[in-house]
Amino acid sequence: MSEAVTCDVAIVGSGAGGGTVAAALAPLVGDGLRVVVFEQGPRLRDDEFDGGELTMAPVLYEDGGGFLTADGTMTLAFGRVYGGSTVVYTGTSLVAPERVIRGWRVPGLLASDLAERSAKYMQQNNVHLLSPEEINDNNRLFAEGCHAAGFTAEQFPINVRGCVGSSLCNLGCPNAAKQGTHRVQLPAAETQGVEVVTRAEVLRVDPQKLRVRVSEKPPGGKGEPSTWAPGEYDVRARVIVAAGGSVGTSALLLRSGLRARLPRLGHGFTCHPAFILVAEHAQPITNWVGHPKSFFLDRAEEEGFVLETCMYFPFTTAKNLTGLGTEHAAMMQAFERLQMILVLACDRPVEENRIEVDRSGRPVVHYTFTPAVVESLAAATRAAARIFFGAGAVRVHAPTADPHIITREDTERLDERITAEHFVPGTTSVSAAHLMGGCGMGGSAASSVCDAWGRVHGVPWLRVADSSLFPDALQINPYLTVMALADRTAEAVRRDLPELSMVAAT
Amino acid sequence: MSLLAPARRTFRAAAEAILPAATTLDESGWASVERIVQDALAQRPRKAQRQIVMFLRVLNVYPVLRHRRRFSELPRETRERVLHDLERARHVLLRRGVWGLRTLVFMGYYTQPVHSASIGYRASPRGWKALRT
Ligand SMILES: Cc1cc2nc3c(=O)[nH]c(=O)nc-3n(C[C@H](O)[C@H](O)[C@H](O)COP(=O)(O)OP(=O)(O)OC[C@H]3O[C@@H](n4cnc5c(N)ncnc54)[C@H](O)[C@@H]3O)c2cc1C
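Just so you know, the protein sequences line up as chains A and B, in that order. Just so we're aligned: 173 in the numbering used here is position 173 of the first sequence, and the numbers increase by one with no gaps anywhere. Just so we're aligned: 20 in the numbering used here is position 20 of the second sequence, and the numbers increase by one with no gaps anywhere.
Among the hints, a few may not be true.
Restricting the straight-line Cα-Cα distance to at most 25 Å, the calculated cross-link-like pairs of lysine to aspartate or glutamate (DMTMM-like) are [unchecked claim]:
id: 1; chain 1: B; residue 1: Lys129; chain 2: A; residue 2: Asp47
id: 2; chain 1: B; residue 1: Lys129; chain 2: A; residue 2: Glu134
id: 3; chain 1: A; residue 1: Lys222; chain 2: B; residue 2: Asp39
id: 4; chain 1: B; residue 1: Lys47; chain 2: A; residue 2: Glu62
id: 5; chain 1: B; residue 1: Lys129; chain 2: A; residue 2: Asp137
If you are wondering where the hints come from, they were derived from the structure by calculation, not from laboratory data.
The shape of chain B in the complex, shown without the other chains (with noise of 0.2 Å):
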């Protein structure tokens, strides 16, 4: 089972408050973002890979106080509210969980030539000689 599974719908909540251009990728896109996150994921030792699922389901379950809702439901920009306050948490367990989803997040999708190209990145083994072409 991928490691993702149990946290899926929090997982791609919080993406798309990280990054909001998540917010219009298709199931097929979803799908390579969540294929390298699980592949960098399966790299780790197994301690990290249960503290990011872990994660997961605190971040899930932590506006429900305030909100009244889960993470999951809440409207996109209230999700990346939350993300911003959990950053300055008193807590380092905490700060240090936004900081692992979000480079989990950035890894998924600005590794790939599409969403990299998309932002004017071009960089060529061919350098200056790409430039001029």
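Excised from the complex, chain A in its bound form (with noise of 0.2 Å):
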């Protein structure tokens, strides 16, 4: 049996894309609507964020920050709590370049709408540069080695209010310093009446229903209990409003038959597919304390890579660290001497890369890396290389040379040191934490999933609101720009829901 629970806005997920909707939504409430935010993951009480990793990825992160692409050559890490990935996410905040804006082609989207709406976030979420004395030695060493290296680093604007420097961001901000959905939008919005019910996972989507599954917290588990008690609800809701993420929103989408009317849906899954360097210096260096992400170098244009400084913990740092045994073992040793440097692809979409669902419903994501991306990682590891040594540092490990590690003396060879042929799909540790696509914009059914203001082709009653709405990678950290397309998802509904009268049940 399952109860029976109507709405008149129902919002699948509490994420970048969910928390926003639910914030620009919530003054509904006063006209007397309901509006209802589901959340698979758990709520955690501020005393539950530890830092540790055995104790917070398995709650924080979907199979633990482990999901796998389809043959198993990449890692995905995205959220699954209250606040979805911001609440791992590391706060860099980035307003989408223009020229990418332009080259999606969306009819109606303009980077000059997005701008406008990413400084409004911005400023709600007390975006800012650090001060130079919060940045720790990983990042003022990157600085220093782009510019040894002929690079010009720019500094990352974050979102933190009261950051004591943990280091921990992708764990959960232990002192609630990270201004994600979680601290700042979903908040807003409870307080203007919107329910937020977590462990609330929706199984499928009809015409104006949900199928959702509210499950009990384990024994000995994270997190609060839901609100509502453990069961399967029907909701019935004017509209639906999907923010599940990239993988998410196109599994839900998937499972509840859509592709039929939507043949582009789970298509175009791009990720910025990643990995991390790190070199060993002499003396140690402050890298377990501090923002972890204080610079970038944007060669997308030109090479068609990001590098970011960054800073992981001990197991994350071990897996993605290619190699084994003694070798690997040396760099492990030396983790208080590391720099570290995290080297994105700006990948394409290509008809293999796309997201289905196996029988059960449950998302399996298909990725293979084409050779433009492999080019891209290796000239990413050979520019980080000559920023590693220029900032000083001894010895490289390049998970795309054999063997991996570079030392000074090859500096003059590194062309012929660091190259594709070295990267071997399911031995070089690859993740992607930029999930993009799959409900893409554009301006038919035949070429995507949604329009400009993710309003799904032929389907009135249904809006997507985040990261999938993507239809092409963003070159960038993404989630400002996932907040400025949910809002105008929100300005959308706002606008259509006179029309969008509860047909009857069926």
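Dock chain to chain to rebuild the complex, using the hints, since each chain is given by itself in its own frame.
What follows is the structure, given as structure tokens:
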């Protein structure tokens, strides 16, 4: 038996997209409408963020952060918690480049409009630059290394308030400093009467109807129990806003049988495939303390890659370094002397790379590394090696070199040592956290899933408000653009709602 | 029964090859590593659980032709070389097998505060204050 519930707007997912829509539509509650957010993950209390890899990752991430692509050659990281991936993101806040949005060619979507909306969220999220004294050696060395290698590093604006530099952003800030939707938009929406139901997975959507399963809190697990009793619910809503993220929304719509009318559903998946590079310095550096991500080098337009500073935790680092045994252990032993750079390739949508669902409705992500991506990763590694040595490192661990260790004596031979042919899918550790596409925007159902306002072609009761809307990679960190697009979706919902009456229940 | 039980000997032999520091683990050290790995496996789909046990079985007999001994009976350095060879195997399933196994070993070891501290990792929710005190 399932329980019946009625609301006006049902939002699936509480991440960058869903949280934004919830806050933007919250004033409707004052007008007597019911707005409900369904989030499959739990809501954590502040004191439950303990910064442990083993204690936090399984609670905050889908598959504990180890969601594998279909052929097992890449892991995808995405959040599954009240606040979605904004709980685990690093909070770097960049506005979509004009050239990228122009290149998307989405009718009715202007970069200037996204920039204006992004500015609003930058203000809400307290986006600013860190002062020089808040920047640790790992980041400072990147800027110095860029300078020495003839590049210009740019500083990331970040969205923190009262950051004490725990460096634990990707395990959920233990000090509530990071201004994700769980700190800003969702609490604001709830104050105005929006209901957020956690541990509530939306199993399928039908015309103006959702099937929701609320789960019990597992014994001893972190997080609050759901406010709804465990069980299945049939929720009727005038409009449904899918904001489950690129993978979550695509999978939900696919298992709801919508591919029949939307042939591009699940297609156009991109993710900025990434790996980490580490280099060893002769002396200890501050790397485990301070905000982990202060600088980046944008070579997207010229060479198809972006380099970012980063610092990961021991297990994540060990997993993401390619190789094993003595050489791997020696790098790990040098942890307090390690400088780290994250290499991201700007991939493009190709037919093979798409989201599907298996027979049980679980997402399956097919991803193949195109030659262009592999070339970009190798070029990025060469640039990063120059930066590391420019910063004074004594040796560099390069996944696209064989052997992986590059010493200063190799600096003249980097082009020979680091090449695309050493990239071995399944052995070279690759992961991605910028998941995009699956419900791309465009002009018609033949070429896309949604229009520029997140309206699903030919399905007036269904909207999309998340990273699945991206028709191509953004080539920079995406969360602010997700929020800007979600803001547009919310605006269209407000505009269209008077015409969206509930059809009689069938 | 524990998921690793049918292949525990091969698991430990592989763990030592992947992570030389594992050779210094005593029985309670191994128990801690294996508990973490078990818990992680228990949360994975059944198919993934079966694959890892199957991979361990294949790994154990893989060197027999060339080295005339099972993987778990080889010296540590040779085991490391065998795994390096498998990382370059033509078949992606073998490469993935090594990748999955090393991920589990690293998880079992480096997520333990005692081991992460031993490599100089000192992150604390107190951030800069922890550095200065
Ligand atoms: C480790 C990490 C670091 C990152 N760092 C940055 C950064 O510094 N800067 C930046 O710009 N971007 C960063 N990103 C990317 C950014 O977080 C995402 O692009 C953004 O959050 C995507 O927003 P979204 O709404 O599409 O999905 P998400 O924020 O992932 O939210 C989706 C939510 O929907 C829920 N959901 C899915 N399906 C269902 C369902 N069927 N029923 C109920 N709930 C469902 C999920 O549980 C999840 O909570 C990072 C991502 C990760 C993982």
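Now the hints, each set against the structure:
no.: 1; hint: Lys129/B with Asp47/A; result: 19 Å, holds
no.: 2; hint: Lys129/B with Glu134/A; result: 12 Å, holds
no.: 3; hint: Lys222/A with Asp39/B; result: 16 Å, holds
no.: 4; hint: Lys47/B with Glu62/A; result: 17 Å, holds
no.: 5; hint: Lys129/B with Asp137/A; result: 16 Å, holds
Every hint from the earlier list agrees with this structure, and none is contradicted.
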